[in-house]
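Trainee: Listed here are the chains, written in short residue letters.
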Amino acid sequence: MSATFVGMPPFPEAARAALGDTQLRQNLAHATRTIRDKRAAVVAEVDDWEELRLAGAQIKDRTLGRLDHYLLQLEESLQSRGVSVHWAGDAEQACAIVAKIAKDHGVDEVVKVKSMTTQEIGLNEALEAVGIAAWETDLAELIVQLGDDLPSHILVPAIHRNRAEIRQIFLRSMAAVGRPAPGDLTDEPAALAAAARAHLREKFLRAKVAVSGANFAVADSGTLVIVESEGNGRMCLTLPEVLVSVVGIEKLVPTWSDLDVFLRLLPRSSTGERMNPYTSTWSGVTPGDGPQEMHVVLLDNGRTNVLANDVGRQALRCIRCSACLNVCPVYERVGGHAYGSVYPGPIGAIITPMLRGVGKDAATDALPYASSLCGACVDVCPVRIDIPEILVQLRAEVVDAHRGQVPKGKDLAMKGAAWAFAKSGRLALAERAAGLSGLLTGVVGRRRLPGGRPAIGRLPWPASLWTDARDLPSPPRQSFRVWWKATDGGRVPQTPPTRENPQTSPTRKTQS
Amino acid sequence: MITCLNDAMFPETGQAVVRLLKRLGVDVEFPVAQTCCAQPMVNTGYLDEAVPIVANFVDAFAGYDAIVTPSGSCAGSARNQHALVARRSGDPALAAAVAATAPKVHELSEFLVDVLGVEDVGAYFPHKVTYHPTCHSLRMLGVGDRPLRLLQNVRGLHLIDLPGAEECCGFGGTFAVKNPDTSVAMGGDKARNVRNTGAEVLVAGDNSCLMHIGGVLSRQRAGVRVMHLAEILASTEDVQ
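For the record, the sequence lines run as chains A and B.
Under my numbering, the first residue of the first sequence is numbered 1, with each subsequent residue one higher.
Under my numbering, the first residue of the second sequence is numbered 1001, with each subsequent residue one higher.
These aren't lab readings, by the way, just hints derived from the structure by calculation.
Do not take every clue at face value.
[Stated by the list, open to error] Below, a sample of chain A positions facing chain B; criterion: calculated Cβ distance under 10 Å:
no.	residue
1	N309
2	P329
3	P388
4	L391
5	Q393
6	D411
7	R453
8	P476
9	K485
10	G490
11	P493
[To be verified] Lysine-lysine pairs mimicking DSS-like chemistry, simulated, CA-CA at most 30 Å apart:
no.	chain 1	residue 1	chain 2	residue 2
12	A	K423	A	K408
13	A	K360	B	K1178
14	A	K410	B	K1104
15	A	K100	A	K208
16	A	K485	B	K1104
17	A	K360	A	K423
18	A	K360	A	K415
19	A	K410	A	K423
20	B	K1128	A	K423
21	B	K1104	A	K415
22	B	K1022	B	K1128
23	B	K1178	A	K485
24	B	K1104	B	K1022
25	B	K1178	A	K423
26	A	K103	A	K38
27	A	K410	A	K485
28	A	K100	A	K38
29	A	K485	A	K415
30	B	K1178	A	K408
31	B	K1022	A	K415
32	B	K1022	A	K423
Note that CB positions come from ideal geometry on N, CA and C, so glycine has one too.
Extracted from the complex, chain A is given alone in its bound form (with noise of 0.2 Å):
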């Protein structure tokens, strides 16, 4: 894969090319309802579904509460099961490791598991620049490998392809990397998923590494978890000699019994079925039975700043199920690539600012902004993230961040209308001066909103960001407190406005 993120332009820019595209449009919508409407039907069914997400919290916040103890306890399971643990402060370091354990078996490909987290680090592309070549196995992951596109979706990365786009992906791309599909292929599901199958089992059974992430580890036993749809992680985990797996250090769980609680959670959030169908765990080298050298590569890569981070701590809960994302009324519009992160949607916009840091590139700063605030995500997060929350208060983070620099427009804007506002007296006299306008544009424009109010259309920039597309009410000549001491609270009678033109009556006498 050589798409790249870096160097996207930020959102509200990204968003607007995405807007255009019809059939991105169309793939998404589609998409993301039918996901969304599966989890609501599944959620539904399960009558303690608050308190397994109230336990899903407790467990997550009780172990990111004490970290560094399950994490000592991780490791020295993993290591008397005869594992080797590596630690990774950032993402070079991971990659380096992971390329060192390759290069150690003389081999120039390995097979993957789907992982976030070894996109976040840019294992792929890092793998490359050494001679290695990863496969991606999952088939949308594979998808989006041979098309050379960028994932934008975290459960779905080819969310935004439909089955058209995907048989020219297949026809164009297999043959330059391993089996060729088939010339008479089809856009049926089970044809293209008949053509995967049959390029992918050549470098399952070839490879001798694989590369996997893990949904969870489990500190007390030693064991890691992955949970697929598709049989390709089991494939991965099962036939190569060598397996290393990259985990972020917020995948723990204390125990197995933690564990049961998370198996529940998470496929009826993420593809919205009662269980999945594959579910691998693996507790160390088995003699005879599977790979028998056995890496972790335990990745902090910014985690520890979430950490830090009093209100954004909760976000190192995820589970990564994207029940956010296909309920988050502007990732169904733009799509994932619109957010110039390996993590789009809701999360993304929490996780990558804070993973980055803010304050040091306008991409990572627009994000926090990438909402509407409308709380959708709240509802259906299965450990209770307030990404509203967060992103406010990343918005606070980024404007301080800012602090102490010229002000720009907006903070100009921003602190003239917070000037108004702190005084009432002040408030009065912008809000007479805008009836003046309202009266101005009253009499020259000739527009009226359906109901009979002036209104105003097209302004130029910067009221161009609201009128381009939207009439505004020409502001009224009367306010509500000029309104309220004209009349002592509706006491004593003026001539009645008009619910059309409430701004005609005549009651300048208490104008000072």
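Take the given structure of chain A and dock chain B to it, following the hints.
Mentor: Showing chain B alone in chain A's frame:
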């Protein structure tokens, strides 16, 4: 609490609230020192700038039994975000004042149904209406079906279900101008759902969202007007 937007742009909504509450026997005051709840600053990240506004808010509303506002969003801001601003100020007196004021803030439909205990406010509005539950009233406050129960008791009113009602309209405060393209894309889908109901009036509990959806509908020449819930509830056979 009339809210800054209603004060400056939609005085008819504030007047309707006054008329409605007086009709129901409530002693209504408008503390003229009030300005804004500071939500635009808080939700855009300008916490320092929000501090004097919240200080003004708690001063203006000190001593009242109930603070009623025709906005789910501003009620949510006062109830859920003022504590955050007080923490930022580091002023324990402001934190104490916020803790005293915040629980007294009620969105209009909450106040009518929960405090006054009325669902039939004696209103008359003979029109086809569809209702959009705004995100903050729905998810931050949890007003539930209170507005719908109030509307169902309005004589002459024909209430039509809005498809995809609980999806955000795309206003989102400064989101509407920071991400105008996405905001309008969301607003366009909302407007389409509104048009498909065949209703002549779209009603909601927040004029901010209505200004956005209404602006899209108006630009489309859709022939659908937007009205605040308070204005419908204030309408009678005599006063409309």
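Trainee: Out of the numbered hints, which ones does the structure contradict?
Mentor: 1, 11, 14, 17, 20, 23, 26, 27, 28, 31
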